[in-house]
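If you read the sequences in order, they're chains A and B.
Counting along the first sequence from 1, when you hit position 11 you're at 11 in the working numbering, and nothing is skipped either side.
To convert a position in the second sequence, counted from 1, into the working numbering, add 1000.
Take these hints with a grain of salt, some might be off.
Below, computed lysine to any residue pairings styled on SDA-like, alpha-carbon distance capped at 25 Å [unchecked claim]:
| hint | chain 1 | residue 1 | chain 2 | residue 2 |
| --- | --- | --- | --- | --- |
| 1 | B | K1006 | A | H67 |
| 2 | A | K338 | B | F1049 |
| 3 | A | K247 | B | K1129 |
| 4 | A | K6 | B | E1077 |
Listed next, the stretches of chain A that the computed footprint assigns to chain B, with coverage defined by at least 3 CB atoms under 8 Å from CB atoms of chain B [unchecked claim]:
| hint | region |
| --- | --- |
| 5 | 15-28 |
| 6 | 44-53 |
| 7 | 84-96 |
| 8 | 108-117 |
| 9 | 245-255 |
| 10 | 258-268 |
| 11 | 292-301 |
Source of the hints: derived by calculation from the structure; they are not laboratory data.
Just so you know, even glycine gets a beta-carbon here, dropped at the ideal spot from N, CA and C.
There are 2 protein chains.
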Amino acid sequence: MGENHKKFEDLHRASGFINLNPLQRGGVLSDAARRVVPEWCDGYSVCDFCEGCLDRIKNPPVESFVHETLPEFLGTETARVTNGARESKFIVMHSLCEKGDCIVLDSNAHYTSYVAAERAGVEFFEVEKTGEPEYEILEDKYAEKIEGAKSKTGKPPKLALLTYPDGNYGNLPDAERVAKICHQYDVPLLLNCAYSVGRMPISAKKLGADFIVGSGHKSMAASGPVGVLGTSSEYAEVLFRKSEKYKIKEVELLGCTSRGLPIITLMASFPAVVERVKNWGEEVEKARKFSKQMENLGMQQMGQRPHNHDLMFFAAPIFFEISNRHKKGRFFLYKELKDRGIVGIKSGLTKHFKMSTYQLTGEEIERVVSAFTEISKL
Amino acid sequence: MGENHKKFEDLHRASGFINLNPLQRGGVLSDAARRVVPEWCDGYSVCDFCEGCLDRIKNPPVESFVHETLPEFLGTETARVTNGARESKFIVMHSLCEKGDCIVLDSNAHYTSYVAAERAGVEFFEVEKTGEPEYEILEDKYAEKIEGAKSKTGKPPKLALLTYPDGNYGNLPDAERVAKICHQYDVPLLLNCAYSVGRMPISAKKLGADFIVGSGHKSMAASGPVGVLGTSSEYAEVLFRKSEKYKIKEVELLGCTSRGLPIITLMASFPAVVERVKNWGEEVEKARKFSKQMENLGMQQMGQRPHNHDLMFFAAPIFFEISNRHKKGRFFLYKELKDRGIVGIKSGLTKHFKMSTYQLTGEEIERVVSAFTEISKL
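In isolation and in its complexed conformation, chain A is listed as follows:
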């Protein structure tokens, strides 16, 4: 162990840039959360106040947050804080399914939905999407797929999953309709709302979902890794079953989950998150206006149109064309944007890329549009 370890101390993240990465736009801490960080960033911190159940800590008010506020916010009867949306999904699959069971999911699902299914030893059947340019999930296909899964495996799927919206195109399918279809087959529905809970108004109850999963670091202005999981009282008994040996510890949560800054920042940002959700209409308008400006430059916004979410996917033949003659090749777009104070579009991409306008100010949007305009003229 020598001097070369010094490199681990001096870690810097570029600051002062506009970050267009959809997974970063909703995770920026609120001012209130940022203020409490220094007091809570050591190790386990919250556990100072624990008498055996993290979610029963009264001060700081973890108990009322987890057991009252969060279920109300998610439109569920019960909720928990987890280590992330992917961990929430695994908890549901691992609780509901035995190895060899099957589930149905949309083909726009995040990779972690598939990997969680694989970890739970579960076979999956994919509801296909329509082709370019919409890449939409057609709700009625869930009936077909559930029947197909049943006839192929001899038993009904244990779970259906819908990504709401998906993380590529920002499409919002009719979740209520999917829930109705699934329930006709007695299949419970999980909504993966990693890009909606904390950004837009959403209620599991209104949509008829049995499970709702959210991401603290993606969309609830919290320091990662942290997620949320809401469900009905009925399913809570299955998901949050207690240990036989340790009567107060929940097996799927391994006793407790988010034991430090993540849950503290999730709580401290919450009032600001509640407020920003109210302005969702403006966020959608902002995205639509931006989409038009990008299309005026010769790009095409894929996915639902008019778009209903800040996460957008663009086909940009114009940038692909420039990359063929630019000295930086396919890295030119990343480089040119960075030179203009903008990051978050994956290095090396030109032809297709996704981005988000969430929580950008009018001035920032103008800077982004100007940058794309200038670059399109290279």
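Once you have looked at the hints, place chain B on chain A.
Positioned in the frame of chain A, the structure of chain B alone reads:
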């Protein structure tokens, strides 16, 4: 959603106190880590630099940390960063065992070892401990228990687990001997080192362990939740198997784990952690001296004597006696210590309690001894 959410914003942790809680003493951030917190506390942060594999990020140097530095530090061929020691243990059990398999563990194991086994659907056989006052795990009992498990279930245990040290008494069994015994039966050994990795010098290779688990927030000066998991190349293929659909994503890690401040603080504190491990001898001396001072006040230190770890368990009949006549009853000790600027002993305990002197300065130790002396005279 109303005004009552404001309570989630104003979260404070008592500061300026000496915290004797063993699980907090090793989690205090290094100065270097504290410095980088403001830059990295938003959401996912590290993912700015990810091209699909978090553990392959080159800048910040996650790749060299995870794939070179950490295995060297743990004495293993390979390592990963996880969401915590409990999650590391579940990864091992879930990878090695089928439902209905069995494992052997020491009866000083942390509750999360049992809960992880329960989550993995695995039966456990406990290696009993000796009685008061040592509560020791006798190494040879592992042979007996492995044979017992085999004759009872008809198949050998898939795993043995040893807690090194345990979190109640701070006992350090002869892990090398346990490893030898387990290997005679072809049973791999997992060492739960949540209270040793990052505090004392330790090498899985030297001890002969197949898996080693550590805790970032408990003992590596990192912001929770974060853990480490090291193993051999042979077992790495099983534990860190890749997804069939997403070839670069590891199934048990659900793609990636610690995606934010936890891994950044783990890295930033690492050089300081390497240095403090070198001073382990002084920490043991400090604990032994403190133990003597407590015994001079009429308490008895349980567990191994002389003690080999900063985590100590005291029987304190003298405080129990005072609690019977103090107006605060059994809460008197917590109250009296807090009045003297000391926290971390569980509220309500008097007769028995655990605590740690890890990383306390000489002056702080003196304050703690004075406080206990004053309180013993009440």
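Against the structure, the hints:
1. K1006(B) / H67(A): holds, 17 Å
2. K338(A) / F1049(B): OK: K338(A) and F1049(B) at ~14 Å, within 25 Å.
3. K247(A) / K1129(B): It holds: about 22 Å lies between the C-alpha atoms, which stays within 25 Å.
4. K6(A) / E1077(B): Judged against 25 Å, a Cα distance of about 22 Å means the pair holds.
5. 15-28: Coverage by chain B holds here, the residue count being 8 at a Cβ distance below 8 Å.
6. 44-53: The restraint on the region 44-53 of chain A holds, since 5 of its residues have a Cβ under 8 Å from chain B and three suffice.
7. 84-96: holds (count 5)
8. 108-117: holds (count 5)
9. 245-255: holds (count 7)
10. 258-268: holds (count 9)
11. 292-301: violated (count 0)
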